[in-house]
Amino acid sequence: MADVTFTVDGKKLMAPAGTLLIDACRKAGIEIPAFCYYPGLSLQAACRMCVVRQEKVPKLQTACTTTVAEGQVFVTESPEIAQARKATIQLLLGNHPLDCPVCDAGGECELQDMTFKYGAGESLYVEAKQHREEQQWSPAVYFDRPRCILCYRCVRMCGEGMDVYALGIQNRGVTSVIAPNGGDHLDCEQCGMCIDACPVGALTSGSYRYKTRPWEMNHVSTVCTHCGDGCKVTLGVKQSNDGTEIVRADNRDKSGINGDFLCAKGRFGFDFVESSERLTKPLVRNAAGKLEPTTWEHALRVAGTKLKEIRDNQSGKTGGGDAIGVIGSNRTTNEENYLLQKFARTVLGTNNIDHDRSTDYVSFVQALAGHEGKIATLRETASAPAILLIGGNPTEEHPLLAWNLRTNVRLNHARLYVVNHETIKLERQAKAAQGVPPNGYKDVTTLLDQQQSEFAKAVMAEDSLLIIFGQEFRGAQLKSLVAWGLNRGNVRFAYLGDHSNSRGAADMGLLPDLLPGYVPVGEAGAFAQEYSGLPVKAGKSQAQIFDAAREGKLGALLVVGANPAKRAGVDPANLNGAFVIVLDLFPTETTALADVVFPAASLYEKTGTVTNTFGDVQLVKKAADHAGTKPDFEILVRLAGSMGVDVKTLVPFGKGGAVGDFGQSRGAQAGEADRHAVWLTANGLEPKVSPFDPLAVLDEIERLVPAYKLDRLNLFAGNDVSTEPGFVPVSAIASAGSEMIAPAHDGLFTSGELGRHSAYLSELNQYESRELAETAAD
Amino acid sequence: MPRLVSHPDEVKIVTKRFGMGAANIDKYMELGGYESLKKCIAEGPEWVINEMKSSGLRGRGGAGFPTGLKWSFVPKQSAKPKYVLVNGDESEPGTCKDHLIFLHDPHAVIEGTMIAGLAIGAKTGFIYLRGEYRYLLEITEKAVADAYEKGILGKNVLGSDFEFNVITQSGAGAYEVGEESALMESLEGKRGVPRIKPPFPAVVGLYGGPTVINNAETIASVPHVISMGGAAYAAVGSERNGGTRLFGLSGHVERPGIYELPMGYNLKKMIYEVGGGVRGGRKLKAVVPGGSSTPVLLPEEIENLGMDFDQVGKAGSMLGSGGVVVIDDQTCMVEFALRTISFYAHESCGWCIPCREGTDWLKKSLTRFHAGFGTEKDIDNIQYLAENMMGRTFCPLGDAAAMPTIGFVKKFRKEFEDHLNGKPCPFAKHVELAVV
Ligand SMILES: Cc1cc2nc3c(=O)[nH]c(=O)nc-3n(C[C@H](O)[C@H](O)[C@H](O)COP(=O)(O)O)c2cc1C
Ligand code: SF4
Ligand code: SF4
Ligand code: SF4
Ligand code: SF4
Ligand code: FES
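Same order as they appear, the protein sequences are chains C and Y.
Note that my numbering has the first sequence beginning at 1, numbered continuously upward.
Note that my numbering has the second sequence beginning at 1, numbered continuously upward.
Think of the hints as simulated: they come from the structure by calculation, not from any bench.
There's no promise every hint is true.
As the list claims (entries may be wrong) - Sample of chain Y residues lacking proximity to chain C, with all beta carbon distances greater than 12 Å (derived): (1) ALA42; (2) ALA63; (3) TYR135.
To be verified - Partial list, computed: chain Y residues near chain C (C-beta under 7 Å): (4) ILE196; (5) CYS352; (6) ILE353; (7) ARG356; (8) LYS364.
Unchecked claim - Computed list of lysine-lysine pairs in DSS-like fashion (alpha-carbon distance at most 30 Å, straight line): (9) C:LYS306 / C:LYS281; (10) Y:LYS364 / C:LYS129; (11) Y:LYS377 / C:LYS86; (12) Y:LYS423 / C:LYS129; (13) Y:LYS197 / C:LYS27; (14) Y:LYS190 / C:LYS431; (15) C:LYS86 / Y:LYS410; (16) C:LYS12 / Y:LYS197; (17) Y:LYS197 / C:LYS86.
Where is the CB? At the ideal position from N, CA and C, for every residue including glycine.
So here's chain C without its partners, still in its complex pose (with noise of 0.2 Å):
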């Protein structure tokens, strides 16, 4: 719509004709007040808080109603108007409990706040207020009935915009109250969204009440662990008797790549962190064949003199390089695996380095090779108007995802296409969805080409399209759908994978024949120049490491935050012997068959940063500190070390000059290290500082990985960088791989490992599932 200009409190202001004045206002700093408005959702007029005064126009008006148009004169302070949002604050502390003290809202409500402003403190009434005792919802939520002030937020976040509908609004007059789908309890997703929308604090969340104050916390935006969207997520941190405890998470930092979202496992599934069972101390096979707790210059000692043993044995069996497998992870950071590899690669002197593979990342960039700018981003796909979803079920497995084609159905009307071969929930949002036998992906091209249903002639009357597509393509079916999409035209792809880092696993290299950026071993170009030693045979895949080991050939195992014991079910007798090193932060399995374990520090402990699926990645930012454990990077550089190498070699840190830590060694106080990086990096500074500083390889990254030359200064200051891979034409691939992908397919409560360490997210799990029991039983 063309701008108009209209007149708020003396100023000039421009905005679309028809926005509504109160964002037109926002935007250009004019607070108004509010209750009930909440952007994206619709709209209330209820709370009548954001009155203001419209020339010519008798009473006050909503502006959260209001929409612009030319020569409108508005004022939005005045005596006027302070007394009637005054009066509004005090009939709603007429009937609320004002137990602010003990209150989780305190300190972060709305409704304090505004009485802060506009100084409605003093009772007008005698009449006793309504007590209602606080009732349990589900594990997750709690509702405090006095303290709700009927804006209704919960009610549109979690109808409109979860697509839940479990809320909704009982009675009339002053006895309305808001109520669960369930009669007293709720049966829903268990999101929190509407605990996160709720002003003040009538819904409180089961994981966080009565915990702590939330200015005796410190907050840290991060990334959430869980799944391969990854939201920002605000963790709150307390000072606690062992060091620095997470209390809380949430979306309190509404800047991130998920806006407004939070699901379940970002918001409750962070107490894994806190698990009584978590590793904090190496442990070493002792002579009775026990693991045993020792000291880390122990456990590295033994660690480092074994690999440096095989690794130089060149004349028995298991000797070299080659007889040594390394398997990395999906969750950890970018840094940590660009490390792991370049010390499989540089220090042991193999290729035999692999991941536990749950998305076929690799076939997708080879059907991409060549073009450029086909990757979408995940904010495209809360704007792309046209959708075309093959597979895959993001509401369980991207719940982020699902959010964001919603919303952008509900907002923006996009047209979404849905193909699968079951009944998803994403089908109420679609224009037109198409059933396929689970076997019949591969025919999906030739029913579109073929136009002979009403939704292929749909899809393909689209100008555009975005095609999403899970993890049922792999391989030759993946690469034929991309090229029919390319073939297509004003096409872009997001290909759905897993965990928090499958694709920067893929990315940076965790691959037997493939580089970081997917550089074949082969032709290593600039790696070759500065990996020292880099052997040019294509490494074992994790399959071919334990067929190495079922024959004897296997001499040493590297396993990070992985468990191929269960993924990959191998038998211990199979080993052979074969020394194994493991970094975890829980006993796994695989831990079982170590000779050495180390603990290693979750992603909210540590520092660096995760490409999600969509190819965005983003700063993770150290939020606490595990008594006990360090982060993979660190230990890594450690058992570098203890072979006798250079560290220098491997991270290039103090080059630059100034050798210091900035801080991020200092827990929860990361975000002054932060601010500090974006001023270093704005001013051509580098703002790397030690060895055991992740960031120290970020440069290298950069330099080397063709997808990875990076915004750092966005970076820094907490935003979501797109790669935008100018990939390499990768030639004759020769990466055995798409037969080796094993989906996870968690869902809305389960994590992998993380998910059975989460105490919360194990108690909706089991829930959720008693819900779906007494259904099935009635």
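Position chain Y with the ligands against the provided structure of chain C, taking the given hints into account.
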């Protein structure tokens, strides 16, 4: 069946078939029913709207919006179906006129609805009846069924190519659903909460289609406007206030009842001549002129007051729904205020803060106050509260609750003060308060 009253000053237009068995379709037609519809089909929509405009008929639901003008706002072309909606939710205390119309002359409502439909290009009309009017629903449903049987409703109305259908719907007991947009929500099966305006119903109404919503009395007047001709109808009333109105006289009056009087009829005359004066020869203390939401008037304020929308407005109150409540000198105005606010507190839909919380606190404060536990400060607080509700609520119900309260406190402050300091209510013996 409630007894019908009458008075020589009455001009019987809308009530002319009352008591004649016109609920029976044959009787209705025998008395000239559905002739106006025929005429309208013959003359066409534009003619109808012009007649309506010249009739000066203003909405009988309370706000007094010119009916012809309202109809003319409906866009000619519309992608969505258009609708006519008859508001029979009549719930304002002191108001029971629509009730008589449905009882005695339901076909007039059907005929009026069809004419409105013809005028705006709608094929469907809804008659929404107050939940408590179950027995009227039966009468109305029978009338609708009879009209279908006679070929009046349905595909080819009276043999023409005009098609019209009528659907009846009962409310579930909410005053607020009388508000036009809340009524549409209710009709669509949702909570009876008003909608944001604009858009107005004439553009986006029921199921998103352009909709004309009129009070049942307004609609029942339509066939008469047509049969008399707009100009003749206008001439019956006062300036800019065409025709007659069904005034509901209640309270402490000798002959309460529904009287059809010309617009602009003198209020004092209405009470003393038509109504036979204050009951038991007592003194008049006050009058509520147009249903419980209209501010109370003092005897000196009604000396020369003509009952039409403009004159009552000028006197500082409103003609509203035409429910005139007479209050004698034995009445406790604090209790009257309490009863009034109790109604609104009970009926507030709860959507917006000022009305939901305000009506509740007014009720609580007045309850305590009337019981003798009030303080001087309470009087100010009650006024402060009501004044801060005025004009701040989402729909006019908040105003409807605040306006009379302000009037009571301002005009009868002395009576409030008489309740202070634990004094017993000076009118304790006369708590019986007549609201029809
Ligand atoms: C709280 C509230 C209650 C109302 N109740 C009624 C009612 O019961 N009947 C009615 O006809 N109009 C009622 N109205 C007025 C309607 O909103 C609407 O103005 C009317 O039906 C329009 O018809 P008219 O133009 O024929 O008067 C009410 C309005 C409000 C704000
Ligand atoms: S937790 Fe999520 S799904 Fe459940 S009621 Fe709240 S918003 Fe709705
Ligand atoms: S629970 Fe919170 S979000 Fe929901 S209506 Fe009440 S105050 Fe608003
Ligand atoms: S959608 Fe994924 S990244 Fe976002 S909060 Fe949920 S699990 Fe974490
Ligand atoms: S004023 Fe507000 S609470 Fe009262 S009835 Fe209207 S919308 Fe409901
Ligand atoms: S924000 Fe406008 S009425 Fe609530």
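Going down the list of hints, with the structure as the test:
Distance to chain C confirms ALA42 (chain Y) as a non-interface residue, since its nearest Cβ pair spans about 43 Å, more than 12 Å. Distance check for ALA63 (chain Y) against chain C: the nearest CB is about 14 Å away, which clears 12 Å, and the non-interface claim stands. For TYR135 (chain Y), the condition that its CB be more than 12 Å from all CB atoms of chain C holds, with the nearest at approximately 25 Å. The interface hint given for ILE196 (chain Y) holds, since its Cβ lies 5 Å from the closest Cβ of chain C, which is under the 7 Å cut-off.
This hint holds: CYS352 (chain Y) has a C-beta 5 Å from the nearest C-beta of chain C, less than the 7 Å allowed. Interface restraint check for ILE353 (chain Y): the shortest CB-CB distance to chain C comes to about 5 Å, inside 7 Å, so the restraint holds. Checking ARG356 (chain Y) against chain C: minimum C-beta separation of about 6 Å stays under 7 Å; hint holds. The beta carbon of LYS364 (chain Y) is positioned within 7 Å of a beta carbon in chain C (closest approach about 5 Å), and the interface hint is therefore held.
Between LYS306 (chain C) and LYS281 (chain C) the CA atoms are separated by roughly 20 Å; this keeps the pair inside 30 Å, and the hint holds. At most 30 Å may separate the alpha-carbon atoms for a hinted pair to count; LYS364 (chain Y) and LYS129 (chain C) meet this at roughly 11 Å. With a CA separation close to 19 Å, the supplied pair LYS377 (chain Y) and LYS86 (chain C) stays within the 30 Å bound. Distance check on the hinted pair: LYS423 (chain Y) and LYS129 (chain C) sit about 26 Å apart at the alpha-carbon level, within 30 Å; holds.
A distance of roughly 24 Å separates the Cα atoms of LYS197 (chain Y) and LYS27 (chain C); the hinted pair therefore holds under the 30 Å criterion. Between the alpha carbons of LYS190 (chain Y) and LYS431 (chain C) the distance comes to roughly 25 Å, so the proposed pair stays at or under 30 Å and holds. Between LYS86 (chain C) and LYS410 (chain Y), the direct Cα distance comes to roughly 23 Å. Compliance with the 30 Å bound is thereby established for this hinted pair. Straight-line distance between C-alpha atoms of LYS12 (chain C) and LYS197 (chain Y) comes to about 26 Å, which keeps the hinted pair within the 30 Å bound.
Between LYS197 (chain Y) and LYS86 (chain C), the direct Cα distance comes to roughly 25 Å. Compliance with the 30 Å bound is thereby established for this hinted pair.
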